[in-house]
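Participant: So the sequences go chain by chain: A and B.
So the number in the working numbering is just where the residue sits in the first sequence, counting from 1, plus 254.
So the number in the working numbering is just where the residue sits in the second sequence, counting from 1, plus 4.
Simulated from the structure, these hints should not be mistaken for laboratory data.
For each residue, glycine too, the CB sits at the ideal point set by N, CA and C.
Warning: the hint list may mix true and false statements.
Label-pair restraints from in silico Cβ distances [claimed, not checked]: (1) B/GLU560 x A/LYS309: 17 to 27 Å; (2) B/ILE482 x A/ARG299: 53 to 63 Å; (3) A/PRO389 x B/LEU481: 50 to 60 Å; (4) B/ILE50 x A/PHE529: 44 to 54 Å; (5) B/ALA252 x A/LEU322: 37 to 47 Å; (6) A/ARG506 x B/ALA252: 13 to 23 Å; (7) B/SER72 x A/PHE507: 21 to 31 Å; (8) A/LYS309 x B/VAL498: 35 to 45 Å; (9) A/ALA283 x B/GLN251: 26 to 36 Å.
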Amino acid sequence: MSPTSILAPASTPADSIFGLSIFVLLNVAAIFIVVFALLAYVLVRFRNNGHDDQKEPAQIYGSTQVELAWTVIPVLIVLALFLAAAHVIASVQNPPRSPGALEVTVTGHQFWWEYRYPSLNIVTANELHVPLSDPARPAPTFLTLLSADTDHSFWVPRLAGKTDLIPNHPNQMWIDPHEPGLYLGQCAQYCGTQHAKMLLRVYVQPRDEFERWVHEQQQRSQAGNVSAGQRVFESTACVNCHTVSGTPAKGRFGPDLTHLMSRETIAAGASPNTFQMLRLWIQNPDAIKPGSKMPAMGLNDKDLDAVTAYLETLR
Amino acid sequence: MSANTIAVPELPVSRPFTLRLHEWVTTVDHKRLGILYILFALVFLIVGGIEATIMRLQLVRPHNDLVSPEVFNRMFTMHGTTMIFFVAMPMVFGFANYLVPLMIGARDMAFPRLNAFSFWMSALGGIFLYFSFLGGDGLYGAGSAPDVGWFAYAPLTAKTFSVGHSTDYWTLSLLSSGIGSIGTAINIIATILCMRCPGMTLGKMPLLVWLNLVMAGMVILAVSPLSAAQIMLLIDRYLGAHFFDTQAGGSAVIWMHFFWIFGHPEVYVLVLPAFAFASEIIPVFSRKAIFGYPVMVLATIAIGFIGMSVWAHHMFTIGMSAGANTFFVLSTMAIAVPTGIKIFNWVATMWGGKLRFDAPMLFCVGFLFQFLVAGLTGVTLAVAPLDWQLGNSYYVVAHFHYVIVGGILFCIFGAFYYWFPKTSGKMYNETLARLHFWLFFIGFHLTFDFMHVPGVLGMPRRIYTYEPGRGWDIWNLIVTVGVVFQAAGVLVFVFNLVWSYLRGQAAGNDPWDAWTLEWSTSSPPPMYNYGVIPTVRSRRPLWDLKHPEDPDWRYE
């Protein structure tokens, strides 16, 4: 079973699209069977079977009744499909606003995702956490979609249809997942060299688990002894792009690293978040994601190990 | 009918190559320009096919590293741009150029020199596009050919994101070929409106001519905004404007509107000539007059008008209001009605006929089945909520290749075989043509039937590689295998054309026992087409000639 199939919806917008698609599919399948059978019949029935009498068949120039029939019937089918579509458009684009809704601002970057939870004061990247929505007590998540550079598109097929992230053109979408778990997707609007590895991961968690995650994310990074790795981090270009809250690192161009180790992947889902891969990512990002905006840092082995060790402390 | 050629002093047959080349380069003859357009398109068909093959080889398995992401992105940009602007457009213009004057009993297009100018502007566009491989760099490391996608969404084309000159070559290429397209469109319209032979009222024109008239009208309406947008993009990049520069308050969405108000009518610009070929070939190989001629004309005009009002169905995911989305669902679905009418009329034309399945008809029958499927997947995509899922996925890629390859290209292959005897004076090899059909048919279905599946399973287009474990691997493998059959089919096709041209048997003036005027003159037609301008009384002048006891004009 594909983890990104639109045929396994787990959230209301994806559910209603799935329901509509079954209705549409039945209609077009019926049309296909009828016309296919008609065509096949004509080809077999009227094929010239060799013993030709050299006479031309009867010439028929048209028939108003027949033309009318095959105009009116398609019009009726089109109207039925249109009304069904209009209904789903209205229900998905004008959702009920429940008070328990969570607001998240999604910003697309070349080639990663930034998530901000304004009401919870959380900033994170690439791995979106949302609460499970119980149909009895809906807890939908509303996403405001922005772009920092080019066009992107947010597409997690099992949760909802895609909506584009366009600079200067804020968009909205919503999800209310009713099954916990990890949902996958990826950027669906070509956005540059590494469009392919701009992957989406949405973690749907039961309320208590989600609360625990929120609590962890709201902690500032532990202020302990400043390690050698932190010194390297703060004295190189790392801080131009990355933020680690509570430290001088305040860059906004790359992902916020305050709770880096709470994430399972790095490089927008392109690689698992292990010591080896993290080290490789700092040393030579092109080995994982050629064309990403992360520069190779050119550190010696000692500094590389120290910085990686420091990043491993950001929980 | 051979009385229709007059004796003029023939040029010596063996002239030096340079002299003959000079004749072709400076020609203003509509037939030679038509052939130039078609040869130009065939060369680029091979080039675009090679680009597609590179993409399919890269996607044959997950995490493949045959090409870099940069190269892959250039390949899909060049493949799309090439196939639309330098294969499909010149191909339909080539056939229109060659056939329209012959079918309306004229000696040339209305503006022969504009015709030549338009062809060479299109050719210049192709040269601009491919010169980018050499000149696109502009700046060390800025890359060569354009990699912004064939619809080149802003702001990816802004200087910030597209350094170097690759985007400029792309822009100049489309601007140049756009001028050529508009010139040819004006020419086609003027020719059809002013150059018809005596007796050929609008209602007695062959359907091919009607369809090309509507096609040319749509070219003028659709290519103009595209050209305007290209100029605006150039001004953005070099003169400090900010039409599409979002970092200075410009609008990415405006570019989308400009592009798709061209982009969707363009589909009809390409499909109407394909319908035109089917509307000529199916009657002749069914031995019957076209069923419902007036309805076919009305359906064409309806497609022309409705086709201009559906563009934003390419933009269902950009966050338009529910009202706008609903409107474009309705207008898009409305197109299905006149298109359906056409399919039914072709079937009714075959009903009660005596069907002969020579290669031209074989390709048209393939077209009917495949266009049926393409139309129905088009209906599914017209339902905006389904498009929110399937838009920009491989399902869409499969859908529009079904239209362009399964529909349009199949008709074009049919047209090649149908008119090859007229154009070259030689008969093609029927066995090779059938081999071409079956190879291409199998390859087409392997590639494009199975391509729908990864789209439904969440695979977006334009990704140079993909993750394993998403259920996409096997489908991508099958899709790539189909390419082998398609490529073999095209090779057989090209070989057949070349071999038949050199070695084929003489075809005679009217090998298909057909009914339109071009079959009354010699094969190939003389420079002046007709010694005596013909006079017609019905839509099938040669039927009248062959059946004086039962002429068409009694019933029209």
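Participant: I want to verify a distance hint. Is the separation of the beta carbons of A/LYS309 and B/VAL498 within 35 to 45 Å?
Facilitator: Because 39 Å falls inside the window, the suggested range holds.
Participant: May I ask you to test the hint 53 to 63 Å on the CB atoms belonging to B/ILE482 and A/ARG299?
Facilitator: violated (34 Å)
Participant: Within 13 to 23 Å: is that where the Cβ-Cβ distance between A/ARG506 and B/ALA252 falls?
Facilitator: Roughly 20 Å apart at Cβ, these two residues keep to the hinted range, so it holds.
Participant: Falls inside 17 to 27 Å, the C-beta gap from B/GLU560 to A/LYS309?
Facilitator: This hint holds: roughly 22 Å between Cβ atoms.
Participant: Are A/ALA283 and B/GLN251 spaced within 26 to 36 Å by their CB atoms?
Facilitator: With Cβ atoms ~47 Å apart, the hint is violated.
Participant: Okay, B/SER72 versus A/PHE507 on CB: inside 21 to 31 Å?
Facilitator: holds (24 Å)
Participant: Does the Cβ distance between A/PRO389 and B/LEU481 fall inside 50 to 60 Å?
Facilitator: Because 40 Å falls outside the window, the suggested range is violated.
Participant: Does the Cβ distance between B/ILE50 and A/PHE529 fall inside 44 to 54 Å?
Facilitator: Cβ of B/ILE50 to Cβ of A/PHE529: about 50 Å, so the range 44 to 54 Å holds.
Participant: For the pair B/ALA252 and A/LEU322, does the Cβ-Cβ distance stay inside 37 to 47 Å?
Facilitator: violated (56 Å)
Checked against the numbered hints given earlier, this structure breaks hints 2, 3, 5 and 9; the rest are met.
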